[in-house]
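Sequences listed follow chains R and Y, in order. Reading the first sequence from the start, the letters are residues 1 to 85 in our numbering. Reading the second sequence from the start, the letters are residues 1 to 337 in our numbering.
Keep in mind that the hints were calculated from the coordinates and are not lab data. Every residue gets a Cβ at the ideal spot worked out from N, C-alpha and C, and that includes glycine. A portion of the hints provided could be inaccurate.
Label pairs and their in silico Cβ distance ranges [claimed, not checked]:
1. GLN5(R) <-> TRP196(Y): 18 to 26 Å
2. GLY65(R) <-> SER5(Y): 17 to 25 Å
3. ALA193(Y) <-> GLU14(R): 49 to 57 Å
4. GLY215(Y) <-> ALA17(R): 51 to 59 Å
5. GLU58(R) <-> ASP290(Y): 16 to 24 Å
6. SER314(Y) <-> GLN5(R): 56 to 64 Å
7. PRO279(Y) <-> LYS54(R): 53 to 61 Å
8. ASN79(R) <-> SER38(Y): 49 to 57 Å
9. GLN311(Y) <-> GLY65(R): 55 to 63 Å
10. ASP61(R) <-> ASP154(Y): 23 to 31 Å
11. TRP196(Y) <-> ASN79(R): 55 to 63 Å
DSS-like mimics (lysine-lysine), calculated; alpha carbons at most 27 Å apart, straight line [what the hints assert, rightly or not]:
12. LYS54(R) <-> LYS244(Y)
13. LYS71(R) <-> LYS31(R)
14. LYS54(R) <-> LYS71(R)
15. LYS84(R) <-> LYS277(Y)
16. LYS84(R) <-> LYS71(R)
17. LYS68(R) <-> LYS84(R)
18. LYS244(Y) <-> LYS274(Y)
19. LYS68(R) <-> LYS31(R)
20. LYS31(R) <-> LYS54(R)
21. LYS277(Y) <-> LYS229(Y)
22. LYS68(R) <-> LYS54(R)
23. LYS54(R) <-> LYS112(Y)
24. LYS244(Y) <-> LYS71(R)
25. LYS84(R) <-> LYS54(R)
26. LYS31(R) <-> LYS229(Y)
27. LYS229(Y) <-> LYS274(Y)
28. LYS274(Y) <-> LYS54(R)
29. LYS277(Y) <-> LYS68(R)
30. LYS71(R) <-> LYS277(Y)
31. LYS244(Y) <-> LYS229(Y)
32. LYS244(Y) <-> LYS277(Y)
Below, a sample of chain Y positions facing chain R; criterion: calculated Cβ distance under 7 Å [as the list claims (entries may be wrong)]:
33. ARG7
34. ARG8
35. PRO228
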Amino acid sequence: MAHTQDEILAGLAELVAEETGIPAGDVQLEKSFTDDLDIDSLSMMTIVVNAQDKFDVEIPDEAVGGLKTVKDAVDYISNAESAKA
Amino acid sequence: MSPISSRRGAEYARILATGSRRPDRVVTNEEICQVLDSSDQWIRERTGIITRRFAAPGETVVDLAVPAAQQAMERAGLAPSDIDAVIVATITHMISTPSAASLVAARIGAGKAVTFDLSTACAGFSHGVSVANDMIRGGSARHVLLIGVDRMTDVIDPADRGSAMIFGDGAGAAVIGPSDTPGIGPTIWGSDADQWEALYQTQSWTDYRDERDAGGTPPWPVLTMMGPKIFRWAVWEMAPVARKALEAAEVDVADLAAFIPHQANARIIDQMAKQLKIPDHVVVARDVIDAGNTTGGSIPLAMDRVVTEGQVPSGGLALLIGFGAGLSYSAQVVELP
């Protein structure tokens, strides 16, 4: 079943917290993964792979570079879920 | 007509001894950052590397390989004439022929041995363990001297933030010989060759020459890699390969004495250990911290260290996994000398 935007955000925030220690509450839609949250490329890849498992969607390597903000990732996951439905 | 006579080798094979050669010069992150736009902290956070070794000018992979080989032979109690085959795993032997293995064999006094090189980059040593095992059990050699060596400083761009801080130079060797009991488990190996563009040399030597001869000033061919892509592949594609090697050897992860993955980057090693649920009592080789990524030298250097420093008991089981350019990979469980 497709998740709401809030559910995806909450799930993603959990994964970010688990990988980086950043409080989940700081993971907000407008935040940039690199500039605001200071997440490096390897941690980002870890978060992406874990998000794939959590939401049961495919996020290929080529797509990761386009996920600049938390909203980009939430939208990507949401669209990938819709495409599967 | 009589059939061709078959030949059988030893029932099993094992690693009899290891050796190493670490170049003398220790290179700090601060020194790397004299050319690279980076910092000690940035390098440590992304790679775990604090120092690496650089070979001296003119010190070739053959020069590095010879003392490592001699140390392994001495520890195995074997003379050069006992060595039936010399295999060198390298990607930085900078002449096409003769092979590095021939030059090493000639230098160590094993000039009648079978000699050839393996070009599978960071999987070179673990590929070589498989080849040596099969040669010994197949009867085509009794003692194989396997050396993993690279002089990565010849093929990296010191200003590339994607690779310059990672690599180092060094050689590790193993003598592999016959055994009455299984000392090398089945190898799980293969490639993801359709992803070769994740890690490759930027230009061929002939393209370099042609561009220079045409009056251009081509950059020296170097390695380039897509770090995050390799990280993803190395952890989440290679952990299942490592699991299969354990299954094939019928060894539980808790029964390992050591996990010795290719020393690519401490972040890869840590994440891989997490994926494999390596228990705390298993030694996880982290030679990368002060050796950098030495490509072909990486696994044998790390293995030699855990053995010679007494981190693991002789006869303990180690899971090896090599992975890298190609993209090639191989994994097996071995009994440590």
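For which of the previously enumerated hints does the structure constitute a violation, in increasing order of number? 1, 2, 3, 5, 7, 8, 9, 11, 15, 23, 24, 29, 30, 33 and 34
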